Amino acid sequence: MTNHSQNIEHITKMAAHMRRHILDMALEAGAHSSHFGGGLSVVDITATLFGAVMNIKPDEPEWDGRDRFILSKGHGCLGYYTALHEAGYISHDELMTFEKTDSFLYGHPVMNRAKGIEFSSGSLGMGMSLGTGVAIAAKRRDQDHRCFVIIGDGESNEGSNWEAAMAAPHHKLDNLVIILDRNRHQQTGSNAEIMDVGDAGAKFRAFGWHVEEINGHDVSALYETLSARRSDGKPLAVIANTIKGKGFSFSEDDNSWHHKILTKTQYEAAIEELASVETAA
Amino acid sequence: MILDKRKAKGLSRIGSRAAYGMTLFDLAPDYDDLIVITADTSTSAGLDRFRNTYPEKYLDVGIAEQNAMGIAAGIASEGMTVALSTFAPFQTMRCCEQIKVNLGYMKHKVVFTGLASGVVLGTLGYTHCCIEDMAIMRAIPNITVLSPADCGETAKAVEAALNHHQSVYIRLTGGSPNPPVYAEDYDFEIGKAIRLRDGKDVAIIATGTMVHPSLKAAELLAEDGIDAAVINMHTIKPLDTELVAELSKTTKLLVTVEEHSVIGGLGSAVAEAKAPLKNAPPQIIMGITDSYDKAGDYADILEHYSLTADQIAAKVKASFINL
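Quick note, the sequences are listed as chains R and H, same order. Taking the numbering used here, I'd label the letters of the first sequence as residues 490 to 770. Taking the numbering used here, I'd label the letters of the second sequence as residues 67 to 389.
FYI, nobody ran anything at the bench for these hints, they're computed from the structure. This one's a predicted model, so the numbers in the text were calculated from it and none came from an experiment. Yeah, the Cβ is synthetic: ideal placement off N, Cα and C, and Gly gets one too. Be aware that a few hints might be false.
[What the hints assert, rightly or not] Sample of chain H residues lacking proximity to chain R, with all beta carbon distances greater than 12 Å (derived):
id : residue
1  : R115
2  : Q132
3  : L228
4  : S242
5  : L343
6  : L389
[Claimed, not checked] Incomplete in silico selection of chain R near chain H, CB under 10 Å:
id : residue
7  : M615
8  : A626
9  : H660
10 : D685
11 : V700
[Stated by the list, open to error] Estimated spans, in silico, between C-beta atoms of each pair:
id : chain 1 : residue 1 : chain 2 : residue 2 : range
12 : R       : R602      : H       : H230      : 19 to 29 Å
13 : R       : G519      : H       : P304      : 39 to 49 Å
14 : H       : L190      : R       : H581      : 53 to 63 Å
15 : H       : S372      : R       : M684      : 46 to 56 Å
16 : H       : S372      : R       : S679      : 52 to 62 Å
17 : H       : G241      : R       : H521      : 31 to 41 Å
18 : H       : N208      : R       : H521      : 19 to 29 Å
19 : H       : Y252      : R       : A717      : 33 to 43 Å
The following block holds chain H by itself, in its conformation from the complex (with noise of 0.2 Å):
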C-alpha cells in the first residue's frame, strides 16, 4: 500500500479499525485463497463491505473466540490465508491458549488483530479495554507483534502481516480520528523501528498511539533545550535490538512510551534488551501502571496515567535533569 497526503489524511479520519476493514478490502482481489474471520464483530471491524462485497471470503463464528481461533488455524492448516479480528481482550485472552496451541506450538499461520486496544473504550469499562495484549503475546513463541502508529501503518501492518512467514498479532490502537504520525509514504519492515527524530540527550521509544504525543513531547523538550530522539517502535516482537543497543550507546536517558500496562509490553521488551549492555543509560517506563483504577473518557484516562504530550515532555524532563 502506497501512502500519500489525502490517504494518511482519510484513513486518519476514519480510526485504525475501520483503516483495517478497509485495507483487507483492498487487498481481497489480490489473494485467492483469504478468509476474514469476524466474531459477530463485522461492523466493528470496518468489515460490513468486505461481507457483503466477498461473502465467499468471509466467515462469521459468532461470539465464541476460542472456537473462532481454532476455525483459524483449522483453517489455516489447510494452507489458506487467515485474517482474524475481534476486541483486543477477547482476541487475546478469551482464547489465549487456543493461540499457544494453534499458532505458536504448531505454528498454523492467522493474522490476529485486536481491535480497539488499549484505553479507547474506556467509557464501556475495563472488560473492553487491553493493556495486557502485547505483555502476553510477547510471552508466546512463533507470534510477531505489531503496534501501528497511525492508520496509515495499520494499513501497512495488515499487508505486512498477510505476506509475513508466521502469525502475526497486530494491536489497533486510537479512537477516530486517529492523528496521523505519517503524511507520506515511507517504508515498513516488520522487526525495523523507525527513527522519525534524531536527538543526542534522551531517546524516547513509542509505540501505538503513543508515538503522536512523543513526537509533540519531543518538541516540547527541545524549547527546553533537551535533544530527544522519537522512535516508532512499530514491532514489539521480534523488538529492534540493535537500535535499543545504539539508542544506548548514543544517549543518556531511555524512556518507553506505551497505550498498555507498564508491566511485560514495550517498556520490558526494551529493558529485557538492555539489560546485557554495558555502561546503558537509565529507563523510564511510561504507561499505563499496573490499575484498572480509571474508566471513562479516552482522553481523561490518558492524563490519568500521564500519557499526554505534555506530561511525557514534563516527565522525561525532570528525569534527564535529575540524571
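Just chain R, same shape as in the assembly (with noise of 0.2 Å):
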C-alpha cells in the first residue's frame, strides 16, 4: 500500500471517529445546544490537516516548526476539538466536557496551546488578518512552516477578510492557506437568500491568489491540494465545496441544524446511520 493511500485511509478513518465524537459532544451538550452543522461541514478537512498535511508534534504542542491552525469561523469548533483529540491533544474525557461548566472547549475555541488550540476565535472576519501575521513572522524570520486557516462562507460577509485577502498577496505569503468552507449557508438562512460572496474563487484570484476549487468532502482531493507546497509568491485559497451537516441524512443541508439540540432519538438513527457508512467502508 503506498504512503498515499494510507494517509487517505487514515483521514477517512479519523473523519468517521470524528463524526461519532461530535454526536456524542452534542448530545452531551444537551440544552446548550451546539453548532451542528457548520462543525460537520469541516470535518474531513481537519481530519486531513491534522491527520495527514500538518507538520505538528502533538506531545510538543508549542514546537517552533509546527504548522499553524487558525480556526476563522469559530462557531465550527466540533470539528476542530474532535481532530484534535483524534490528534492526540485532548482527552476523550476532556472532549465529553464540551461547554460544561469549568471545561476549557467553550462554544467558540479559546486559545489553549498547550491543548493545541493556537487562537481564540468566534467574532467573525479575524482569522485572515491573524494568519497573515502568523505568515509575515514566518517569512520575516526565514521559518519554513505554513499557516492554515478555515473560514466560512457566511463569514465571508465580514470586510475585513477582504482586507486581508489585499494583503497577503501583496506580501507574498506563499505559507499561507485558507480553506473556505463553502457550505452556501449562514446563520438564518442560505447564502443565497442573506448574502452571498458568490464566485470566492474569483474574487480570489483577482487579488492574486492561487485558487483551487474541490469537494470539501473529497479527502483525496483535500488532502493532494492541501499537501502541495507553493514557492510563487501566491497564497493559497481552496474553495472547499461542502455541505452542512455532513454525515446525517437528517442534518444535511438543512440549516435547522446551524445550531440546534440534539435529541436522544436523533443521536441514536444518526450511531446506525454511521455504523453502516462504517461497514460500508
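Need the complex rebuilt from these two chains, each delivered in its own frame; the hints are there to steer you.
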C-alpha cells in the first residue's frame, strides 16, 4: 500500500471517528446546544489537516516548527476539538466536557496552546488577518512552516476578510493557506437568501491568490491540494465545496442545524447511519 | 532614554508624532525581533527614516486598520515585538473589536499608538479628532493606557511600553511644537503618577497636553492664595489609585483635566477610584463636553472647551470659593 493511500485511509477513518465524537458531544451538550451543521461541514478538512497534512508534534504542542492552524469560523469548533482529540492533544474525557462549566472547550475556541488550540476565535472575519501576521513573521524569520486558516462563507460577509485578501498576495505569503468552507448556508438562511459571496474563487484570484476549487468532502482531493507547498509568492485559497451538517441524512443541507439541540432519538439514528457507513468502508 | 535639556527642547520642537518615530528609530538596534507597522502613515508617525533604514523591521499594511491590528497580533503571537500606529480614531475605533479579541482576550502583546489624538487636527474635522479613545481602551481588559504629557515623555512611554508585559495603547496629543513639561531627566514608571507640584487646597490631576496648562493654572491660583497640587497622570490604566486616595485626604477639591471627552476618560477613572472613599472631596471634570460642536483651529477648540491655563484657573477658583 502506498503512503498516499495509507494517508487517505487514515483520514477517512479519522473523519468517521470525529463524526461519532461530535454526536456524543452534541448529545452531552444537551440544552446548551451546539453549532452542529457548521462543525460537520469542516470535519473532512480538519481530519485531512491534523491527520496527514500539517507538520505537528502533539506531544510538543508549542514546537517552533509546527504548522499553525486558525479556525476563523470559530463556531465550527466541533470539527476542531475532535480533530485535536484524534491527533492526541485532547483526551476523550476532556472532549466530553464540551460547553460544561469549567471546561476549556467552549462553544467557540479559546486559546490554549498546551491543548493545541492556537488562537481564540468566534468573532468572524479575524482569522485571515491573524494568519497573515503569522505568515509574515515566518517569512521575516526565514521559517518554513505554513499557516492554515479555515473561514466560512457566511463569515466572508465580513469586510475585514477582504482587507487580508488584498494584503497576503501583496506580501507574497505563499506560506499561507485559506480554506473556505463553502457550505452555502449561514446563521439564518442560505447565502443566496442572506448575503452571497458569489464566485469566491474568482474574487481570490482577482486579489492575486492561487485558487483551487474542490469537493470539501473528498479527502483525496483535500490531501493532494493541501499537501502541495508553494514557492511562487502566491498564497493559496482552497474553495472547499461542502455540505452543512455533512454525515447524517437528517442534518445534511438543513440549516435548522446551524445551532440546535440533538435529541436522543436523532442521536441513535445517527449512530446507526454512521455504523452502516463504517461497515461499507 | 535619558532626557536632558537639549533633547527635551529638540523633541518638543518636532511634536509627539515625530518623537514617536524618532524613538523607535533610536531603539531599533536594541530589538532584533522588532516589527514596526503603519497603515500608510509612516510620514505621519515620523517613521520615514525608520522605513528607509530598517526595511526588514518595517511593515506597511495599507489603509486597512482591522487587518493591521490582526496582522500585528499574528506577528506578536510568534513572540516578536510589535509597534503599530496610525491616527487615533482609526487606531482605536476602526479596529476596536480586533483589539478586544486579539490583545485583550488572547493577550497578544502589541504596542499601539494613536497619533494626533484629542483635537489637534481640528481643522480637518472630527473624523480626524479623537475624544473617545481613553474611554474605549480603558474598558478592554489587559490593555494598559498611557497618555504622555510631552514629547520627552512620549519617548519614555514608547520605551516602557516595548518592555511592558502586556499590550499598551499610547495616546499622543498636542501639535508641534508641543510645550515641554520636563526639561530634565526623571523616572517614568507605568502606573505611577508624578506629582509635579505640591498643594494643600486643590489637586489638579491632568493628562497629556493638559499637564502643561494645569501647571500654569496652579501658578495663577497661587497668586490668588489657592495652593494647588498638580499631578501628571500619564497612566490612565492602571490608574494610580493610591495617589488619588492620598490627594482625597490632603486636599479639599479634585480637578481632572484632559483633552478628551468628559465621559469615560481620566475624569471617570479618578471618580471611580474616589467613589468608595469615605469623606472624599468633590471633583470637577474638565475636558471636551459631550459634543462634536467646535472644529477648527486647535487653540480655538481648546478655548471653546475652557481648556486654557486661564480658564482652568478660573474654573478651579470659582469652584474652590464655593466649597
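Separation of L343(H) from chain R, once the least beta-carbon distance is taken, above 12 Å: At roughly 36 Å from the nearest Cβ of chain R, L343(H) sits farther out than 12 Å, so the non-interface label holds.
Exercise. Cβ-Cβ distance between R602(R) and H230(H): within 19 to 29 Å?
Worked result: 21 Å, holds
For the pair N208(H) and H521(R), does the Cβ-Cβ distance stay inside 19 to 29 Å? 27 Å, holds
* CB-CB spacing for H581(R) and L190(H) relative to the 53 to 63 Å hint -> Since the Cβ atoms of L190(H) and H581(R) sit about 59 Å apart, the hinted range of 53 to 63 Å holds.
Mind checking the hinted window 31 to 41 Å against the Cβ distance between G241(H) and H521(R)? About 54 Å separates the Cβ atoms of G241(H) and H521(R), which means 31 to 41 Å is violated.
Problem - chain H contact restraint for D685(R) - C-beta distance below 10 Å - result: 22 Å, violated
**Request:** Please confirm whether L228(H) is truly not at the interface, meaning its C-beta sits more than 12 Å away from all C-beta atoms of chain R.
**Result:** 17 Å, holds
task: Test the statement that Q132(H) is away from the interface with chain R: the closest C-beta pair must be farther apart than 12 Å.
output: Answer for Q132(H): violated, closest chain R Cβ roughly 4 Å.
Hey, does the H660(R) contact hint survive, CB to chain H under 10 Å? 8 Å, holds
**Item:** Supplied contact hint for V700(R), tested at 10 Å Cβ to chain H
**Value:** 20 Å, violated
Let me know if the C-beta of M615(R) comes in closer than 10 Å to any C-beta of chain H, holds or violated.
-> 6 Å, holds
Measuring Cβ to Cβ, find out whether S242(H) lies farther than 12 Å from everything in chain R. 31 Å, holds
Hints 2, 10, 11, 17, 19 from the earlier list are contradicted by this structure; the remaining hints agree with it.
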